[in-house]
Amino acid sequence: MKRLKYLFLIIITVLLSSCFKKKESVTWDAKVLTPIAYSSLGVENLISDTLYRVESDSSMTLVSHQSLYELKIDSLVPFDGQEFVERVLIRDFPITTRDVSHNVIVRDFVNSIPSPFFRAYLIASDDQMVEVPPFKGLSSPPQDIVADAVFTSADIITGNLNTTVRNDLSFALANITYTVKNKSDGSLIGSGVIDTIRAGETVHNIIPLDGKHVEGTLVYEITNLDVVGSNGVPVLLDLDKGLFVNVVATDLKAKELTAVFPQQDFIQRDFETELEGIKDKRLTRVRIKSGKIKIKYYSTAPDQVKFTYTIPAATINADTFKFIGYFNRAINGQIMIDTLEKDISGFDLDLNMLTEMGGFQPNTFRSKLSAGFEYTGRMVTITENDSIRMEIKLVDVIPAYAKGYLGKDTFDIGPATANFDVFKDLENINIAFDEVKLSLNITSGAGLEAKVDVTKIDGLNSKTGVTTTLSMTQPSVSIPAAIETPFTPSHATHTLDNTNSNIKAFLDNKPDVLTYQAKVITNPNTDTSIVSTIDMNQFLTDASSFKVDLNVEVPLRLNVNNFSIMDTTLISDFALTNIDKIKDGTLSLLLENEIPIGMTMKLIVLDQLDIPVDSIWSQTPVLAADVDPNTGKLISSKKQRIDYYFDNARLVRLLTADKIIFKAVFNSADSKYSKLAINNKLKVNLVGKFNYLVSSK
Amino acid sequence: MKKYVLLVVAAITLNAQSTDDVIVQEYNTTSLYKDSAKVLVGGSVEWEANSNAAVNNSFVNTIVFKSYIDEREKDGVIKRLRTLNDMGLYGNEVFYAKYKLNSSVALTFNMANTDLIRSTFSSDMFKLVFKGNADFAGQTAHLSNSNIDYINYQTISLGLEKKFNRHVLGAGLSYVTVGQYQSYHIDRGDLYTATDGTYLDFNTDITLQSAGTGAKSRYFNNVGAGTALNLSYFHKSESGKLVISANLTDLGFVNINNIESYHKDSSYHFSGIRIDNLFDFDMGSFDKYHTDSIYKILNMNKESVSKRQILPFKLKVGLKYNLSQKVAVLYELQYLHTDQYMPRVTLGGVYKVCERFSAFAKVATGGFGRVDSYVGFNTLLPLRINLYASLNVLENALASSKSTGTSVNLGVSRIF
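Line by line, the protein sequences give chains R and H. First residue of the first sequence: 2, per this note's numbering; consecutive thereafter. First residue of the second sequence: 594, per this note's numbering; consecutive thereafter.
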């Protein structure tokens, strides 16, 4: 029985112990006062920071920078070169064929010696030092000169057969007469006489070929040859030496010529090219940003033609511009047409050409063209009608740099439209435009004088549909030339205010779209009829541009009437833990206004159906701060506290809502315009004071 | 009545100290060395929670037995607060066994679990924690020198006990394993709450250290280990009038490893979450203020450190002098090695109601509190079971809001 008592006591103890362990923690209430969030609202929240400038005294100036127009150098002086055309009939150019050589040796003459004794003496003296006696009347049998590897036949209009005879013997010869005939019919091509030719001497002779028909295999025959002898002096007699004969047809102009042509130019021309499309400009130098030489050719030449086009005035790193190419050969008499191009970008082109009179001519450069056959080893036939036509032009030139007199031009600006966003955030804000300044800022990187004539600036308020025209007493702005070294753009500003324009009325309309039209006139004051007064040192570079900007500056003085800012923030995904620990409390919105504009604030809590479930708002407006009317600097701020009492149910409703709408409405205290300083803010602090259930766990 | 039963249960649950009172020592030692005894098996629990003044029993009762601390309870403490206040809780639970090898030598075995919580806190710290900072609007809450240390460890001990005539000496060596360690110290701390609540300024030099707190149980987490020495002495005079017992337990140290340590000496200004644009803000701004990131926001980088710490060893000396067959006087001196613990001196008297039942009453000064009273009994039950109880609950029961300190010391042992 006693043991049962002890057992019972232990069981009771264990059970009670279990009960005690179920108590996990102890809780108590603590009153927590804590900042939750803070923010500040300044003018920068109302206006994009790109739209205002902070002055040294912290006041703000509404600024707008609107680029109206920008003219690049390539818009100013694009040009082409004058095209030149070269057409040649190949027959008009003297053509030279390849030469053919032949040796006429002593042994060929031996049989023509009548004396058997003397024939025997010569044969016995071969390769020996002997005295050669004089004798006359030798001749050689006709010998073929095979030239069909050079040409097969030619009907010659004009031309020559150049013969070269060299005496390879050790003694002199005289009274050499020879004939050249076509082998086929024995027709005589020509003949010649050499009076005397000393040992080792070379004699040239020309046989006119005008009107003759020449074939590829000729017969060369020496009809008479006298031996002058060695005058008793022993000389080496070599029967295998004699006369070296070389024959070449030169300066041929043939009706038809079938030949293998050696390398030879049949075109060599110099050209003077003037620039086109530059009006009254007088350019002395350009650096070509992009451009090309274009050569279009028409060729019936039966062989490939190589050409070389050179512009000595175009240089890059001391290299001259050279365009070397080929015209494809015409096949079967069909004309070959093609266009070849070569980039001339990056070249400096000297356009101040030295004339034959010793002066300089702007806008002009010289070029050279040569063209002709290259040796191909191919036998081709040229007819009298074969020709090559070339059209050569410098085209599509955009300069990177131009120097000289850049001409008198007029460029139209517009009519064009541009968005004018200076008022985009300020629809319900009235701005005092008493001190407004609107300026046309012109920046020129061009080394020439210019003038801008403003034709029209209209401002459209697209919300109201009202258009106002900006009128001004002086619509022209002159701008001087930029300085080239060191490069310094020039500036000109034309300021419009209430004394010289209707700018206030123009801006009061709060335009958001500008329509503008203007003209830019270059060298407006240059009289080109007096050459000596023309400024030839004007310049443009590809860094040069001509910009017209519209700037607006308005010292910010505002008057607002029911200007509201509203934002809807999704909070459905915002999960706060331990909300159940907050029993009740107060959310306090502490507002301190340093802005000279009063405001009311409202927070509206929406459920998923966008139905308001709660709201917080200031019962009375936050008063406008007192500020210095001249500088906008704060004198005294105004404070207000908005308390939001809640129990846990209201807090849960607030924090489990779907959206919160923040809305602030601003109103100026009266009709006065208030100057704003950047430092002035509406400071907002959200503070929570609530009973929090603290757990020891 | 239920309240006191729960208090006893709580004492067991919250752990306690072995019954090293001289009355129990007298029974256990004299019984073991009789020829008929061979084995002694026993267990004890001791729980002591006390404060030097402020935290009264009513507040502690609420923490222990209730789930909600109301304003009355908090105010009851607040009006007793000093600039700095101490509070401590010491708990120990022991299972022990002695096996007599021969008539004068016994082998001893102990398994124990010990918890020590010690805290010093400023009055503002208490107000801040339990009342919140709203009452400090426009004021600075001074939190300097507030700290709390907690260690939990388990010991397994083997030893020998030798009887020399009328003196019994014992010695044992313990292996110590640390289950949990926490140390939170604010050497300097000032929290200013703006009058309108728009900002908080916190200027502090704070060190936060913990090990083993992530474990489900605080037992045997092995976040540290060490060794300790236990010594005991017992003497009973030939006449039996004078009994002396002395026990020194847990004299040793532990090395605690992988302590997560955060330290910062800095000032923080908190104005809430900055919203750059009031009318275009993202609620996600609040995400960065989740609790997990607080350490990062405060720029408190975690370090892993180790430290060696002396265990809170306890020395207890007891003296009992029998004035007659029925009446005896008691004198006890106890020292616990921890900050804010004053050596405790106890005086008391024992009345032997019958041969098997004695009752006693004691008055003590020192320890974690100031003056405390104890009542208890020792009774010999059948099967040679000895039951001992010493309770400091009267003040709690009679005037809980005006008293501090509650303790329970229970012991049971049996001779085989």
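Derived from the structure by calculation, the hints contain no laboratory data. Note that the structure is a prediction, hence the values are computed from the model and not measured. For each residue, glycine too, the CB sits at the ideal point set by N, CA and C. Hints may be right or wrong, so weigh each one.
[Said to hold, decoys possible] Pairs of lysine to aspartate or glutamate, EDC-like flavour, derived with a Cα cap of 16 Å:
#, chain 1, residue 1, chain 2, residue 2
1, H, K724, R, D585
2, R, K32, H, D789
3, R, K32, H, D780
4, R, K690, H, D728
5, R, K32, H, D663
6, H, K724, R, D397
7, R, K32, H, D668
8, R, K295, R, D196
9, H, K667, R, D30
10, R, K32, H, E664
[To be verified] For each label pair, taking beta carbons as the anchor points, the in silico distance ranges come out as:
#, chain 1, residue 1, chain 2, residue 2, range
11, H, T733, R, I636, 51 to 59 Å
12, R, I612, H, D794, 53 to 61 Å
13, R, P613, H, T733, 35 to 43 Å
[Stated by the list, open to error] Partial pick of chain H residues on the chain R-facing surface, computed with a CB cut under 10 Å:
#, residue
14, T655
15, V657
16, E664
17, K667
18, G669
19, I671
20, K672
21, L674
22, N726
23, A787
24, D789
Each hint, compared with the structure:
| no. | hint | result |
| --- | --- | --- |
| 1 | H:K724 - R:D585 | holds, 15 Å |
| 2 | R:K32 - H:D789 | holds, 14 Å |
| 3 | R:K32 - H:D780 | violated, 25 Å |
| 4 | R:K690 - H:D728 | holds, 11 Å |
| 5 | R:K32 - H:D663 | holds, 13 Å |
| 6 | H:K724 - R:D397 | violated, 87 Å |
| 7 | R:K32 - H:D668 | holds, 14 Å |
| 8 | R:K295 - R:D196 | violated, 57 Å |
| 9 | H:K667 - R:D30 | holds, 10 Å |
| 10 | R:K32 - H:E664 | holds, 11 Å |
| 11 | H:T733 - R:I636: 51 to 59 Å | violated, 32 Å |
| 12 | R:I612 - H:D794: 53 to 61 Å | violated, 42 Å |
| 13 | R:P613 - H:T733: 35 to 43 Å | holds, 42 Å |
| 14 | T655 | holds, 7 Å |
| 15 | V657 | holds, 8 Å |
| 16 | E664 | holds, 8 Å |
| 17 | K667 | holds, 7 Å |
| 18 | G669 | violated, 13 Å |
| 19 | I671 | violated, 13 Å |
| 20 | K672 | violated, 17 Å |
| 21 | L674 | violated, 16 Å |
| 22 | N726 | holds, 6 Å |
| 23 | A787 | holds, 8 Å |
| 24 | D789 | holds, 6 Å |
Hint compliance for this structure: hints 3, 6, 8, 11, 12, 18, 19, 20 and 21 are broken, all remaining hints hold.
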